[in-house]
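Asker: Now for the letters of each chain:
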Amino acid sequence: MGEGARRSYRFPILAAIALAAVGFLVFRSTSATSVYYLTVSELLAQGEVARNEQVRVAGKVVPGTIQRTAETLTFTASDGTGQVKVTFGGVVPDIFKDNVEVVLEGSYGTDKIFRADTLLAKCPSKFESDPNSMAGSTGP
Amino acid sequence: MADTSAIPAPVGLPRTAPTSGLFEKLTTVLGVLTLVALAVATYLALVYAPRDALTGQVQRIFYFHVPAAWVGFLAFFVVFVASIGYLWRRTTVWDAVARSSAEIGLLFTTIMLVTGSIWGKPVWGTWWSWDPKLTTSLILWFIYLGYLMLRAYAPTREQGARYAAVLGIVGFVDVPIVYLATTWWRTLHPEAVITPEGAAMDPANAARLPRFSRSIHVALWTPHAPPGPDRAASGARRGAGG
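Those protein sequences? They're chains A and B, same order as listed. Numbered per the working numbering, the first sequence spans residues 1 to 140. Numbered per the working numbering, the second sequence spans residues 1 to 242.
Accuracy of the hints is not assured; some may be wrong.
Stated by the list, open to error - Which residues of chain B face chain A? A few of them, derived with a C-beta cut under 10 angstroms, are:
1. Thr55
2. Val58
3. Phe62
4. Phe77
5. Asp131
6. Ala152
7. Tyr153
8. Val173
9. Thr187
Stated by the list, open to error - Some residues of chain B that are not near chain A, with every Cβ distance over 10 angstroms (derived):
10. Thr42
11. Gly56
12. Trp70
13. Ala96
14. Leu113
Stated by the list, open to error - Ranges between beta-carbon positions, derived for each pair:
15. Ala152/B - Asn52/A: 46 to 54 angstroms
16. Gly90/A - Arg90/B: 55 to 63 angstroms
17. Lys85/A - Tyr153/B: 52 to 60 angstroms
18. Val40/B - Gly47/A: 53 to 61 angstroms
19. Tyr43/B - Tyr9/A: 28 to 36 angstroms
20. Arg10/A - Tyr43/B: 50 to 58 angstroms
21. Ser117/B - Ala16/A: 44 to 52 angstroms
22. Gly21/B - Val100/A: 53 to 61 angstroms
23. Leu33/B - Ala45/A: 55 to 63 angstroms
Calculated directly from the structure, the hints in this document are not laboratory data. For each residue, glycine too, the CB sits at the ideal point set by N, CA and C.
Work out the full structure, taking the sequences as your base and the hints as a guide.
Answerer: Rendered as structure tokens:
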């Protein structure tokens, strides 16, 4: 194998090493410094510092706390340890109900109310057949 | 389309692969099998499978979304292996397999992104969110879009094949990242339903899933069975002839 043939391998190998290094750095930095959402406890633990800052928080809808008025919806979100009262004025996803896990984007005010701009439902990864529907049914 | 007649003829590479009668017959047989399997799978997914208790009929998108993701991952794995094969052997067969698989993978990754988005709107309440699973999936789509662009813009076919092979090897790194994103990070996207430990779903439903993905696997190889001549090369030939 001559010098020319060896050189033809040099570019791909160097490019591969460079790209792998970049990928590794991106992976390390994203996994260490940022999370997609905070838990309710983590939000509460941030204290006064994080008040009125735009954040994303996830928690379960506490059963029986959903209250609807003409314009807003209020409920309590919990992660098992911490609880936060939430208000939201938009359209909720179809599966929004008691015990469903929600991801909220908004800010936690000094009045200890979380004002959500968006409300997303985090659907479970486990599917269960609807007992009311026989296999093969085409009902809604 | 770019003017392909300006591209110099590749040196030392055969322009056509021999196509035997066997390949033609195999393509027809696989094509018919695919059509039948797709019809059966569509019936199973849309009619036979039970309705999901929480999300209702829209959950049926699952039977298209998840197999499409698997086929995409498999296709990119084939690109990965064939790219190593090309850098090692430098024969057009490896390159043709890599390129065909990249096209298949990009198509199915597109289906995965589109069906996921359609599913996300009613269930999550949004078409898109920058969660790690979705973001790394979009990066995957861009990597293989870039792969095909890199090939198209390379000055010679040999260079295109070589650069693409490198990208085909490095780009595959993103596949396990996409798969494990829900394990490594907090995401809006639910965790993997089918894992080596089992299926987090009604066993009756789980049993139906492989049937659908099998039919997709047949579809995967049908139009690409013979490693034919590179399209750019055949386009240039047509241009010269006409």
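Asker: Taking the least C-beta to C-beta distance, is Phe62/B closer than 10 angstroms to chain A?
Answerer: Holds, about 7 angstroms.
Asker: Ala152/B was flagged as interface toward chain A. Is the shortest Cβ-Cβ separation under 10 angstroms?
Answerer: At 18 angstroms from the nearest chain A Cβ, Ala152/B fails the 10 angstroms test, so the hint is violated.
Asker: Would you settle whether the hint for Thr55/B is holds or violated, based on the nearest Cβ-Cβ distance to chain A being less than 10 angstroms?
Answerer: Since the shortest Cβ distance to chain A is 6 angstroms, the answer is holds.
Asker: Verify the CB-CB distance for Leu33/B and Ala45/A against the hinted window 55 to 63 angstroms.
Answerer: Given a distance of about 58 angstroms, which is inside 55 to 63 angstroms, the answer is holds.
Asker: Would the non-interface assignment of Trp70/B survive a Cβ cutoff of 10 angstroms against chain A?
Answerer: holds, 16 angstroms
Asker: Is the hint on Asp131/B kept, meaning its closest Cβ partner in chain A is under 10 angstroms away?
Answerer: holds, 5 angstroms
Asker: Falls inside 55 to 63 angstroms, the C-beta gap from Gly90/A to Arg90/B?
Answerer: Holds - the Cβ-Cβ distance for Gly90/A and Arg90/B, about 58 angstroms, lies within 55 to 63 angstroms.
Asker: Does the nearest C-beta of chain A fall within a distance shorter than 10 angstroms of the C-beta of Val58/B?
Answerer: holds, 8 angstroms
Asker: Range hint 53 to 61 angstroms: satisfied by the CB atoms of Gly21/B and Val100/A?
Answerer: Since the Cβ atoms of Gly21/B and Val100/A sit about 59 angstroms apart, the hinted range of 53 to 61 angstroms holds.
Asker: In this structure, is the beta-carbon distance linking Tyr43/B and Tyr9/A contained in 28 to 36 angstroms?
Answerer: violated, 51 angstroms
Asker: May I ask you to test the interface hint for Phe77/B with respect to chain A, counting a Cβ-Cβ separation under 10 angstroms as satisfied?
Answerer: violated, 17 angstroms
Asker: Using the Cβ atoms, figure out if Val40/B sits within 53 to 61 angstroms of Gly47/A.
Answerer: holds, 58 angstroms
Figure legend: structure checked against the earlier numbered hints; hints not met, in rising order: 4, 6, 7, 11, 19 and 21.
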